[in-house]
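The listed protein sequences derive, respectively, from chains S and F.
Going by our numbering, the first residue of the first sequence is number 11, and it counts up by one from there.
Going by our numbering, the first residue of the second sequence is number 84, and it counts up by one from there.
Hints are supplied without guarantee of correctness; some may be wrong.
[Unchecked claim] Derived DSSO-like pairs: lysine-lysine, alpha-carbon spacing no greater than 30 angstroms straight-line:
#1 F:K304 / S:K152
#2 F:K361 / S:K152
#3 F:K304 / F:K352
#4 F:K361 / F:K304
#5 F:K130 / S:K98
#6 S:K152 / F:K130
#7 S:K152 / F:K352
Since the hints were derived computationally from the structure, they do not count as laboratory data.
Predicted model, so just to flag it, every value in this text is computed and none were measured.
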Amino acid sequence: MNSVPDEDVMLQVRDGEVHMLGVLFDRYQAPLFNFYSKMTQDRTVSEDLVQEVFLRILRYRQTYRPGTTFRTWMYQIARNTRIDQVRKVRPESPLTSEPLAPTRARDDAERQQEAQLLQRALMQLPEDKREILVLSRFQELKYEEIARLLGCETGAVKVRVHRALQQLREVYLALENNPAAQAQDPRRASTDSLPPTGRVQ
Amino acid sequence: MNKMNCQQMEELLPDYLQGALPAAQVAEVEQHCEHCAGCAQDIVMWKKLALLPQETPSVESRQRFDAMMHAYSTTVAETAASVRAAANSAQQPTVAKPSWNFLEWLRTPFAAVAWSAALLLIGLYAGTHISNRTTPAPSDELASLHAEVTSMRQLVALSMLQQQSASERLQGVSWSNREDHLDPQVQSALMRTLRSDGSVDVRLAALDALSRHAAQPLVRKNVLDALQEQQSPLVQVAMIDQLTEWRDPGAAQRLRLLEQTPNLNPAVKQRAEWAIAKLQESTQ
Chain S
11 MNSVPDEDVM
21 LQVRDGEVHM
31 LGVLFDRYQA
41 PLFNFYSKMT
51 QDRTVSEDLV
61 QEVFLRILRY
71 RQTYRPGTTF
81 RTWMYQIARN
91 TRIDQVRKVR
101 PESPLTSEPL
111 APTRARDDAE
121 RQQEAQLLQR
131 ALMQLPEDKR
141 EILVLSRFQE
151 LKYEEIARLL
161 GCETGAVKVR
171 VHRALQQLRE
181 VYLALENNPA
191 AQAQDPRRAS
201 TDSLPPTGRV
211 Q
Chain F
84 MNKMNCQQME
94 ELLPDYLQGA
104 LPAAQVAEVE
114 QHCEHCAGCA
124 QDIVMWKKLA
134 LLPQETPSVE
144 SRQRFDAMMH
154 AYSTTVAETA
164 ASVRAAANSA
174 QQPTVAKPSW
184 NFLEWLRTPF
194 AAVAWSAALL
204 LIGLYAGTHI
214 SNRTTPAPSD
224 ELASLHAEVT
234 SMRQLVALSM
244 LQQQSASERL
254 QGVSWSNRED
264 HLDPQVQSAL
274 MRTLRSDGSV
284 DVRLAALDAL
294 SRHAAQPLVR
304 KNVLDALQEQ
314 QSPLVQVAMI
324 DQLTEWRDPG
334 AAQRLRLLEQ
344 TPNLNPAVKQ
354 RAEWAIAKLQ
364 ESTQ
């Protein structure tokens, strides 16, 4: 089963074999969970978002077209799901959440501290910059794929990745010098910094 | 080997980071970094990101997915059976499969609407350009074009929501999402879809589309009204979730009413209980 391409599995799902969605869930729940946990720093929210993505895939399966790379299509849905979620979070509502454990227990103290700073620096970037870094660094997406996902040129993606990395470096250095600086709660991120989306779902 | 400057690095660095550069250029990048602290630190930062751990989803995640799939399959089977029963009792002739022949497509209501809207737009555009003397200011022209496009989208959405095939109706719902403002006619078409569309997918998509306009009190009221008559447990659960999220003041009372319904699906009942507790929590 592992050898069947995602696109063929998705076409089966589209044509009524909905149980085949389980195959895609097994392949992508971990990458998607990692995408969301790096974007939100919250396990509960991330798990909910992953479920929502698969529900949307099921619901909109008939809009999947042959020849579309499944991964790109799925990340498109994942981005829209995230954007909808950010818009929904109300400032006055209490947040019940389960923050990520900052690091693994076996890491030594210095590495733990570095990782914590890194997480905070990442969360202080605007949503679109954090997203492009997470997609290119952790999701194993090539620049060409990200370009298709964001609807822009590959060259523009490279420039944006570089700029985001430079800003991350600045924020990280600032935090290193002043660790007490207030971090913005990512779940209450402003919708102003949301990346533009060519909404399909 | 020529020495590179930072501007040239800008082009190479992203590919270097993803390991997509040929060996010769890798050497150039590394040589540049020996003399340029800024570029070297960019690379260090990228590598440092490896410190962030790989997260593993919980075991319950797969269980939740299975539960969702189970609920979905059950509902779809029930809906299909009821549609078949309705079709048999009415003895309707079977609907011809949609064909993608272009000429046939042109005869569909969608194409008719699209064509007339396109002709209208061309006419409008030509009209405003030919009669130079009476041409309105460019901003007025743009505004009126925008208004025409808006209504064309609404027409397309309305027309597609009435199609035979579920996938076309789904696309109709997607068309309605392209507008920031929900036209009252489209809203009532979406409400009709949410109440009575034969496909669970299309009903869920309609709920999604309506939920983007939750700021309009009428939308919330309509969804609340449609809860009781909804037949599919999957759609009911989605509606309950939506009402909980909106924290609508009237929701708790309606949910209690729903709970009293005889033969209510246990999953729906459980969700309603959860929602009532959640709503009470937020009013305290």
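Hints, one by one, checked against the model:
At roughly 46 angstroms between alpha-carbon atoms, K304 (chain F) and K152 (chain S) are farther apart than 30 angstroms, so this suggested pair is violated. Under the criterion of a C-alpha separation no larger than 30 angstroms, the hint pairing K361 (chain F) with K152 (chain S) is inconsistent with the structure, at around 42 angstroms. A C-alpha spacing of about 21 angstroms is found between K304 (chain F) and K352 (chain F), which places the hinted pair at or below 30 angstroms, so the restraint holds. Proposed proximity of K361 (chain F) and K304 (chain F) is supported: the alpha carbons are some 19 angstroms apart, at most 30 angstroms.
Taken as a hint, the K130 (chain F) and K98 (chain S) pair is broken in the structure, with Cα atoms around 34 angstroms apart against an allowance of 30 angstroms. Under the criterion of a C-alpha separation no larger than 30 angstroms, the hint pairing K152 (chain S) with K130 (chain F) is consistent with the structure, at around 17 angstroms. Among the hinted pairs, K152 (chain S) with K352 (chain F) is inconsistent with the structure: their alpha-carbon atoms are about 46 angstroms apart, more than 30 angstroms.
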